[in-house]
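Chain by chain, the residues run as shown.
2 protein chains.
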Amino acid sequence: MSAYKSFVYVEEIAKYVGEEVTLNGWVYNTRGKGKLQFVLLRDGTGVIQCVAFKQNLSEEVFELTKQLTQESSIKVIGKVVASEKAPGGFEIDVTDLKVYQLAVDYPITPKEHGVEFLINQRHLWLRSSRQHAIMRVRAAVMKAIRDFFDGNGFKLMDSPILTPNACEGTSTLFETEYFDLGKAYLSQSGQLYAEATALALGKVYTFGPAFRAERSKTRKHLTEFWMVEPEMAFFELNDDMDLAEDLVEYIVQYCLKTCQKELATLERDITKLEKVRRPFYRMSYTEAVDWLVKNDVPLTKKVDGEDVEIRPFPWGEDFGTPQEEAIMEQFDKPLIIHRYPTDIKAFYMKRDPQNEKVVLAMDMLGPEKAGEIIGGSQREDNYDLLYQRIIHENLPEEEFKWYLDLRKYGSVPHSGFGLGVERVVKWITGADHIREVIPFPRMSYRIAP
Amino acid sequence: MSAYKSFVYVEEIAKYVGEEVTLNGWVYNTRGKGKLQFVLLRDGTGVIQCVAFKQNLSEEVFELTKQLTQESSIKVIGKVVASEKAPGGFEIDVTDLKVYQLAVDYPITPKEHGVEFLINQRHLWLRSSRQHAIMRVRAAVMKAIRDFFDGNGFKLMDSPILTPNACEGTSTLFETEYFDLGKAYLSQSGQLYAEATALALGKVYTFGPAFRAERSKTRKHLTEFWMVEPEMAFFELNDDMDLAEDLVEYIVQYCLKTCQKELATLERDITKLEKVRRPFYRMSYTEAVDWLVKNDVPLTKKVDGEDVEIRPFPWGEDFGTPQEEAIMEQFDKPLIIHRYPTDIKAFYMKRDPQNEKVVLAMDMLGPEKAGEIIGGSQREDNYDLLYQRIIHENLPEEEFKWYLDLRKYGSVPHSGFGLGVERVVKWITGADHIREVIPFPRMSYRIAP
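Chain order of the listed sequences is A and B.
Residue numbers for the first sequence follow numbering that gives the first Met the number 0, so the first one is 0 and each next one is one higher.
Residue numbers for the second sequence follow numbering that gives the first Met the number 0, so the first one is 0 and each next one is one higher.
Hints listed in this document are in silico derivations from the structure and should not be mistaken for laboratory results.
No incorrect hints appear here.
Copies of the same chain look alike in the list, so a pair counts if it works inside one copy or between any two.
Here are the simulated EDC-like cross-link-like pairs (lysine to aspartate or glutamate), alpha carbons at most 16 Å apart as the crow flies: (1) Lys300 with Glu316; (2) Lys216 with Glu115; (3) Lys274 with Glu328; (4) Lys368 with Asp431; (5) Lys74 with Glu235; (6) Lys216 with Asp179; (7) Lys219 with Glu367; (8) Lys4 with Glu235; (9) Lys400 with Asp380; (10) Lys4 with Asp245; (11) Lys4 with Asp241; (12) Lys368 with Asp268; (13) Lys407 with Asp104.
Given these sequences and hints, build the entire structure.
Below, the structure written as structure tokens:
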């Protein structure tokens, strides 16, 4: 390639053993005494120990190495040496060093800081080894998702963010004025559009940010998050579940293969991830309720502001975190729960021809309290039934005319699902809170930096 | 792979010659007489001719093939036959056929429709061969961009869409209420955040939708578009330009290699695209002005609602479409114009140490009236100079504190650029209007479907 590769990166250092190279980066740490200084250099791709011997350097440069502070930016020229003692297996025998800027009073020191302090310094916190490792795993998850779909004949079809209608009600939507056309809403899901493009291109996926204007303060919710949504013509619910399992297996195994260093930094127990191999577990909603009843797990509800427990768990109610976690305790890999009650699921889901009370929906729950990582369904493909649901839910008929058209001109069985990127990254990295797994998290109480 | 592959796709049909397969899709066209019916089937990956011989089918099924209408959805079972006469080189010798739905009065017929009509039917228009081909080229461009960056050591770092501040003024921003925190704005660029992540991870890119609340009604503007923005620590302007050339060459050559069929459908003159090989052309802004003066190309301006021409073109004014197109007439591949006047460029661009009147900015213009496809710069890395620019532009100092921090704690030379996906897809496909190159276009006068 071209002239712009005038320096090398730590992650490729093994290629240059015995050669003199130029590295650019920031001071991660220093130590030394007398005639020897060690400078740990981070360059974004890794950390390497640079060894400065007084006898190899001008007096001026050697003095400089003593003044280096955390996060000072420097250029290091030196010879790459394989060394068993050095962290990472290589070190740099420094021949010259230049300082871009000496950093003064870098606010994040090796001592413990509170999360509130750190999140206010998010632009700097990202340089810390844990956050850095999480971000690299995140990038790997994003790449694994794209590779999976691109490699399996899917075409990326971006759904719009600005939408005139509300897929699931406007109460949790961000809204904005849209010129002379009234209000526009930030999309919560690209699914309806993906259905249109799947009928044009066969197998598609939409992959972008999604928005939820919810005040919830859990460790699993963001107001802005990334979601991938495949949609497939001629796929029925079982096909949909098979694809979801394949995807999640692929993502986890890809991270195990390509992020060993990062998972080690995060002290992640990878034996747990290694178990994520198909087939996963499956049960129907009704079977799940039976299990809850048998194991005396109640429904928990707020009534007049007080927590109330209802026993036995009543068929027809949605599961919350307590039920999901109770069920998942038995499982060491993901579980798909399918065929949920019609009344608690979205209008576009297809009724089960075997049982009108349930829809052909499915949610995938992750192990280790990962929660719901996928939600999907086979879509209603009958014009009349879909029309009834739209009327029943008081949705604006005119806004859904184009969506109904998909059931008019060559309707076909089709299915899809959405996978929340941050939920998956949180699970794989073992991060405490979802705000750590996206570069600049947005929550109801935070929009900066 | 797993059970969900119970049918095959047209694009992989060559693998199944001599075998009986199941195809699913929509009727693209039919013809026939007497004992022979031809059904052109599209399945989103391609179109194939299905041949129904009366003698091979039950009477009922043969009658069905005669009733098929455009966009009816069907399942076809038959033997794959290599045939030189058939479009695409293969055809299906039908043994059975099932109808999912007979489509009645599909609104888009092979006759000519006006664009206004078609764009209102965008959810169906996407099924047409031209739109379908454009969408597949778009998916290839998206993939080429990701492959290029992932393959060159860049890490994807998503910038937030919801932002508290305005990178380039609030007049062209969509705004929304953000809980108790006041207003939030939809991002026009992820650059400022990418600068932070580049200093944490070395080489990064952010790739997502961007928003501009502009009323412009040109063929090149959308209110919602996709932009990729690489940002590289330790890259100076020349490195930035080299990278931009490499990227654009890679995208164009990737499309030539993988989208031959689509470009043929679009009747694109690919000899023009084949020329897009490095090195591209480069000239400074000052050289460009000299050329305009020498060739008597005036500045065109609206003064009191009237077009006024100013000769000779005055140094310091920005170029518009007339100047860009005049300059590009000489070139058969992209041109980079660099070092623009400080006063017409953004506050975060670094002044040229050789000449304070210009900044280290660069724009790449495409040939064939593609217009500006890339805009980038080396960033101001001096705290004091950047602070002065922020004050000078009346930007809210408090909101930019974190951004200034990047110049305080290990500041380094760094550069980046933004490439507009739709501009590039429009150029490569030769589409007339930018609304054709995104699945569901958003313009100031359109937000549906």
